[in-house]
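Asks: Put together the whole structure using the sequences plus the hints.
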Amino acid sequence: MAETLAAPAHTTAAATRRLVVVLLVGGAVAVALGVYGKAHDPTHEQPYTWFFTSTIQLKVWFASAALALAIAQVLLGMRLYDKISIPRHAPSWLGDAHRLVGTLAFVITLPVAYQCLWALGFQSTDTRVLVHALLGCFFYGVFTVKVLSVRVKGLPDRMLPIVGGVVFAALVGLWVTSALWFFTSRPAGIPAT
Amino acid sequence: MFHKFVNAIEVLALIGVAVVVVLLFANEPDTGSTTPSTPGAQIYAASCASCHGADGGGGIGPQLAGGAAAERFPDVADQITFVTDGSGSMPSFGGRLSPAQLRQVVEYTRTL
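So the protein lines, in turn, are chains A and B. What the first sequence shows, in the working numbering, is residues 1 to 193, in sequence order. What the second sequence shows, in the working numbering, is residues 1 to 112, in sequence order.
These are calculated hints, taken from the structure and not from any lab test. All values reported here derive from a predicted model rather than from experimental measurement.
Okay, derived cross-link-like pairs now, SDA-like style, lysine to any residue, Cα gap no bigger than 20 Å in a straight line:
# : chain 1 : residue 1 : chain 2 : residue 2
1 : B       : 4         : A       : 107
2 : A       : 153       : A       : 99
3 : A       : 38        : B       : 42
Not close to chain A: a few residues of chain B, all C-beta gaps over 12 Å, as computed:
#  : residue
4  : 37
5  : 38
6  : 67
7  : 77
8  : 80
9  : 81
10 : 85
11 : 98
12 : 99
13 : 100
14 : 101
15 : 102
16 : 103
17 : 104
18 : 110
Which residues of chain A face chain B? A partial, calculated answer using Cβ under 10 Å:
#  : residue
19 : 54
20 : 96
21 : 117
22 : 126
23 : 185
From the three backbone atoms N, C-alpha and C, an ideal C-beta is built for every residue, glycine too.
Replies: Here's what the structure looks like:
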């Protein structure tokens, strides 16, 4: 009985190979960002402020918006996996809404990441800054893994929710070490918006 | 309809990623003309500019340019103590910079 239920060895090996490739690609993205941040000469400039006082305020509010969207995406994902039952009947567009919210959250992080990499680079001036820099590289690496996990067939079923959870955790860590720190520790005279 | 809309947004996101990558490399500053000339300026660029701005105009940290540093610390020794020990969100640089470097960078901030 156990033999009939077990996956064929070649299928398992193929899935493992795909998994390794996906993880390697994600790792390469994370390392590439770190190498760029370290090798690039930081400009310390504010490339855009749009309707904020400075780029810093723009970044913390964009990061906060990305986190809010990510929370919504996690809730939508939990409904997709029947971990919550609100709404009772999942609408047909739930999967697309999950994708849309996640995509928007990711897009919102792009101007933040660009300013971090281009103007500041990879820094390690104190523990918070070092953790933030490492998490920033890790976030885009694990996000790459998540996107590939959706596209590549034959990966373990549990991979997508696990990687999605790791992406969310990385984003929370990024927000805590940047926006939350700014809101709670900014010097007097520096506006919040 | 909604599915196609989401697909289009994903394509736009991919284009956004490509634009960011291109900008990261196309917008590289000319390091030859921006290398700080004095030791104080070099320390400032490496340790202070990320928070206080390349020109001391402020950012995460308060503005230093336009006499703001000297206005807040009329006595240069007080500013050196502040930078050495740190306070609140201002990190301590006492363990990272020598006393001579601390004086150089503090004096530089008072010229911005």
